[in-house]
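Chains as they are written, first to last, in the working numbering: chain A, 16 to 384; chain B, 55 to 233; chain C, 19 to 393; chain D, 10 to 234.
Calculated directly from the structure, the hints in this document are not laboratory data. Quick reminder that beta carbons are idealized off the backbone N, C-alpha and C, glycines included. Wrong hints could be hidden among the right ones.
Unchecked claim - With a straight-line Cα cutoff of 25 Å, these simulated DMTMM-like cross-link-like pairs (lysine to aspartate or glutamate) come out:
hint: 1; chain 1: D; residue 1: K188; chain 2: C; residue 2: E367
hint: 2; chain 1: A; residue 1: K59; chain 2: C; residue 2: E55
hint: 3; chain 1: B; residue 1: K124; chain 2: C; residue 2: E367
hint: 4; chain 1: D; residue 1: K188; chain 2: C; residue 2: E236
hint: 5; chain 1: C; residue 1: K200; chain 2: C; residue 2: E300
hint: 6; chain 1: B; residue 1: K124; chain 2: C; residue 2: E347
hint: 7; chain 1: C; residue 1: K115; chain 2: D; residue 2: D113
hint: 8; chain 1: D; residue 1: K188; chain 2: C; residue 2: E348
hint: 9; chain 1: A; residue 1: K161; chain 2: C; residue 2: E300
hint: 10; chain 1: A; residue 1: K161; chain 2: C; residue 2: E76
hint: 11; chain 1: D; residue 1: K110; chain 2: C; residue 2: D192
hint: 12; chain 1: C; residue 1: K314; chain 2: B; residue 2: D134
hint: 13; chain 1: D; residue 1: K230; chain 2: C; residue 2: E33
hint: 14; chain 1: D; residue 1: K233; chain 2: C; residue 2: E76
hint: 15; chain 1: C; residue 1: K53; chain 2: A; residue 2: E57
hint: 16; chain 1: C; residue 1: K112; chain 2: D; residue 2: D135
hint: 17; chain 1: D; residue 1: K182; chain 2: C; residue 2: E236
hint: 18; chain 1: C; residue 1: K77; chain 2: B; residue 2: D169
hint: 19; chain 1: B; residue 1: K98; chain 2: C; residue 2: E367
hint: 20; chain 1: C; residue 1: K259; chain 2: D; residue 2: D221
hint: 21; chain 1: C; residue 1: K77; chain 2: D; residue 2: D221
hint: 22; chain 1: D; residue 1: K233; chain 2: C; residue 2: E117
hint: 23; chain 1: C; residue 1: K112; chain 2: D; residue 2: D113
hint: 24; chain 1: C; residue 1: K320; chain 2: D; residue 2: D221
hint: 25; chain 1: C; residue 1: K314; chain 2: D; residue 2: D135
hint: 26; chain 1: C; residue 1: K53; chain 2: D; residue 2: E132
hint: 27; chain 1: B; residue 1: K97; chain 2: C; residue 2: D192
As the list claims (entries may be wrong) - Okay, the calculated bits of chain C under chain B, using three or more residues with CB under 8 Å as the criterion:
hint: 28; region: 206-216
hint: 29; region: 352-364
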Amino acid sequence: MIESIFKFFTTEPYWTLTRSILYLVGICIFVAANAAYLVWVERKGAGRFQRRPGPTESGPWGLLQPPADGIKLLAKQLMAPPGSDKILFWAAPLMVIAPPLVCLAAIPFGNNVLARDLNIGLLMVFSFGSINVMALMLGGWASRNKYAIISAARVVSQNVAYEIPMLLVVITIIMVTGTMNLQEIIVQQAGGFWNWNILRGIWDFSGGGWGHIGGNLLAPVTFLIFYICMLAETNRAPFDMAEAESELVAGAFTEYGGMGFGVFFMAEYANIVVGCALATILFLGGWQSGLGSGFGTLLTSWGVIGTVIGVGFFFAKMYFLIFSVVWIRWTFPRTQFYGLLNLSWKILIPISLFTLLLTSVLLKLPRLF
Amino acid sequence: MNLVTETFSGFLSLITGLRITIKQFFSPTITTHYPHQTLPIAKKFRGHIELKWNEETGKPNCTACNICAKACPSDCIVLDGIKPAGEKGKTVTSYKLDYTLCSLCSLCVEACPFDAIQHSNRYNLASVPNQWANMDLVQRYKDQVTRVGKTPYDPYAPAPAAAPAAEPAAPAPAPTAQP
Amino acid sequence: MNIPQLIPVGDPSAETFTINLGPQHPATHGVLRVKLEMDGEFIVNAQPVPGYIHRMHEKMGENRTYAQYLPNTSRIDYLSAMTYTHAFVGAVEKAAKIEVPLRAEYIRVITSELNRISSHLVGWGAWIMDLGGFTPILYAFDDREKILDLLEAITGSRLTYCYYRFGGVCDDVDQTFIDGCKAFVPYMRERMKMYKKLVTGNIIFRKRVEGIGPISAEMCRKYGACGPVLRGSGVNYDVRKAEPYSIYNQFDFDIPVYQECDSLARYLVRMDEIEQSLRIIEQACAKIPEGPFQGKVPRILKLPVGDTCFATECGRGRLLVRITSDGKEEAYRIRLRTPCFTNLSLFEEASQGMMLADAISLMASLDLVIPDIDR
Amino acid sequence: MSSSIEQLAKEFAPLAVKEMVQLPPALVPKPAPAPKPAAAPAAAKPAAVPADPSVVGRVIPNPPSVAPTPAPKPAVAAAPKPAPAPAAPPPPPPKPVQIWKFEDKGLHLEVTVEPANVVAAAEIMDRHGFAIDAVTGMDWPTQGLLEVIYDFLHFQTGERVAYRARIARNDPKIATISKVFPGADWHERETHDFFGINFVGHRDLSPFMLPDDATYHPLLKDFKA
């Protein structure tokens, strides 16, 4: 009986469905664990940057701090401020946590480790990623708090401003790689780390020289722009206008308590994970080892072990990026609001437009001759 | 052009900042992990006041002259004394310090002409207010003297009697003065 | 950089709303309330509402003796307690014509300047924290701890010292303290270099303070602003030079003055002041003479009838103590004119038309200590 | 544009009161024990001071009207009678315009002006580039007086000037100088809080340091907490 059910779900055509569900559950766990332990990383990291140990009391190295925080948040009463729009108020945390979950479904962590191999994965990630701003706006608006409303207004204009350079940069990548399939983008970056999109195009070792065919001469700058926009989109310091605690108390989250706040908190880290994973895929070769086309490719294509090694490389890159996000947060002050918009409209958008133009010219050039 | 140079130099300044913080990241921590580790207390640390006593006779220096109580800006000292039989001067019998009012200004210590009070170095006084706020310094003095292995001076004892036999009828044993 | 005035301030047709910055707010560093009338993110009117921790220090001065009032003076501006006690002690000494021994004066200068540095460090760190950078304040506290350790070794307390007495100080310093100060000076100079790289040069920080919150010299004069706020507006006024008290005229130090009138100028003044204080400490530690640390003071101190004014340069500016005596043991009236009070009083005018985040930056640049406003 | 203290003193002279009493009055050598200022004004009034201080006596009568008329010669109502009480040689009457040695007082110039002239005096200060230092009050219940003290300082020369005006305690009114020095706004509000002095023309005299419903003035000597 059990065997037959098992067989029913593990053979085609239902295996695809089972697989997807399993992945989604796995992703949920992954996001929750990440959110919890990224908080730990953040606090521990903040501590180290400030020459103090960070959490130490609960568990070894404070490793039980996140569950303790979670339990505390769960145990708190959920309250909506009187006069607020209750439906929107509680819809906002759900809306903010759902998109990163969906996005992660399309992200390939390893050679075969992905829920759905979408050929428009990139598009899907971006379309879902934009819902985040909607949720923050709703949360801020529905709280019936002036600080939260100011924050909501800030978040909207901030995210609108940073979507543009981010998408321009991504278009550059799409032009270079010619695909929106994330797995395909990774596969194209096989070989040495110089084949990664962050360096590809500056110099081609296979004989292309400067401005290699299909390359992007300003690829590192492109990466930088993507990274900055990623910080801004996830409302991280120095662009944490949504929270801006010294100005707006807690911004859009001012009125949220208990798990309502906890979900926002988790979503922030889930968004960081998505953003950093995307940066890894688009620029740092995803699960590719970057150790050359011989040994390196062999390393990641060696059956199940190769997949695991590939996932390891992916996580190493992704967590380094996440660490850098923490690093930046504990180093810089917050930007001023118009400074933030100036950066986007006056610096990032022109540069990304220029790289887009340059890349398209470089793409066209070989065909002219 | 200005924008370009500013962007570039600004970017460099950010890198400088990141370099500084990462250097701190890999430096050892500077904090003291308080309940597990403690720092040495400064010699002149101003804790609440306590009574000093004569090392030889074990008798408190305080003569209940009330100068400290008068010097106190916050009226937190109330003391009383008697003239023991066969003695020339008075001796303190009760010295109540309302620590909730004390501002640790050290004026009483300076005002004392007999070098009878000093600051203790007790600092971790957290407890329920009733237990520590109203201190009986005479009781504390007795505890301290007992701890160094001497018998506290008893002003109520009859004059010639050498060693006071039992615990004297000291004023209200206020629940204070743990070490 | 001028922020374009997007919305005409004072336009009656503008739809405004009021928000409360405080009394409990992360940016007010205490229980200060600022009633902000906002037009979107722009401030139409900002009205500070102090008084939440008003303790009537001036009345307290009228019903306790001069010596008994001493501990109060440490508690007005708890971050630069030494300088406050200095002002009160100086006023009493001036009125009663008490001679202060030279060694005591040196000790006072050293401790005051150490206290000034520690005060500026907190102000510095808190400022960056208001701008959203959390790390610098902990670095600043690291250095401040070193100062507090030094001061604790001689005074016995870490914040409200109550160390000065009429005619001197309450306890002598030992060679360990002098050596500690001597060692602290080069250490702090190294740290200042690090601070400059970490914060002063940082483009985000500069964008947050450059050109923000202009306070002109004329405005300073009309409002009686003082301290780094005044010197950041290009006025070369420092009580230590203008009305030299104690033995400040024996030291070689400069008054940092910046002409830009913006928050950055006030920031740079503070940073430079730390360095000048280090210079003073260095010189004082080299020259400190042996001798008594306490002058002759009558046991029962009565001041002659009349007014006496005495001002000191505190961490945040000019503190004026005006004692009126009627010949009794208690003062007839003690007036404390505190720097934060006047510095905050110009906030209303200076913050008009600013964006909220800039107003926070401006308020942080005033380096407020709330008990100092409320007394 | 700084100015010498002497010149300032000359400019202040027309604004100053004509007759002065020493406040605090304890300079009187022995016989008359200094009136206890902390006592209630009506009860502890010594015989030397007449019952109504605004009529006659050693007290400067002050016009209740504080219209800022820049009259150079303020009306001094009654000629002060010599005080009957102190048998000892009376102390030398203090000068309304007093130049001090800075080392003694922390002041260079101290002037007692007519209450009607405080704005004119502030304008002098403004003209000479002085900055406002503080405004405060002082209570003299035995004399039935309230004093308002204005402190000024000069950023460039470091000169310190204070002027004071004495007003009747039962009708404490004085013109505001916050039109000349906006910084006086807060000081005057605070002084109103603590002494109940009405600064005529002030934009907002609601309680400042005190709670919003405060009806008391804690720095008055007869205030008991």
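Each hint tested on the structure:
1. K188(D) <-> E367(C): 14 Å, holds
2. K59(A) <-> E55(C): Roughly 40 Å between the alpha carbons, so the hint for K59(A) and E55(C) is violated.
3. K124(B) <-> E367(C): 48 Å, violated
4. K188(D) <-> E236(C): 15 Å, holds
5. K200(C) <-> E300(C): 6 Å, holds
6. K124(B) <-> E347(C): Status holds; Cα separation ~13 Å.
7. K115(C) <-> D113(D): Cα-Cα ~9 Å, so holds.
8. K188(D) <-> E348(C): 36 Å, violated
9. K161(A) <-> E300(C): Judged against 25 Å, a Cα distance of about 51 Å means the pair is violated.
10. K161(A) <-> E76(C): Outside the cut-off at roughly 38 Å; violated.
11. K110(D) <-> D192(C): Violated - the C-alpha atoms of D192(C) and K110(D) are around 37 Å apart, more than 25 Å.
12. K314(C) <-> D134(B): 31 Å, violated
13. K230(D) <-> E33(C): 47 Å, violated
14. K233(D) <-> E76(C): Satisfied, since the Cα-Cα distance of roughly 14 Å is no more than 25 Å.
15. K53(C) <-> E57(A): 35 Å, violated
16. K112(C) <-> D135(D): 29 Å, violated
17. K182(D) <-> E236(C): Violated, at roughly 29 Å.
18. K77(C) <-> D169(B): The hint is violated at about 32 Å.
19. K98(B) <-> E367(C): 47 Å, violated
20. K259(C) <-> D221(D): 41 Å, violated
21. K77(C) <-> D221(D): Status holds; Cα separation ~19 Å.
22. K233(D) <-> E117(C): Status violated; Cα separation ~36 Å.
23. K112(C) <-> D113(D): 7 Å, holds
24. K320(C) <-> D221(D): The hint is violated at about 37 Å.
25. K314(C) <-> D135(D): 42 Å, violated
26. K53(C) <-> E132(D): With a Cα-Cα distance of about 31 Å, the restraint between K53(C) and E132(D) is violated, given a limit of 25 Å.
27. K97(B) <-> D192(C): The hint holds at about 12 Å.
28. 206-216: holds (count 3)
29. 352-364: violated (count 0)
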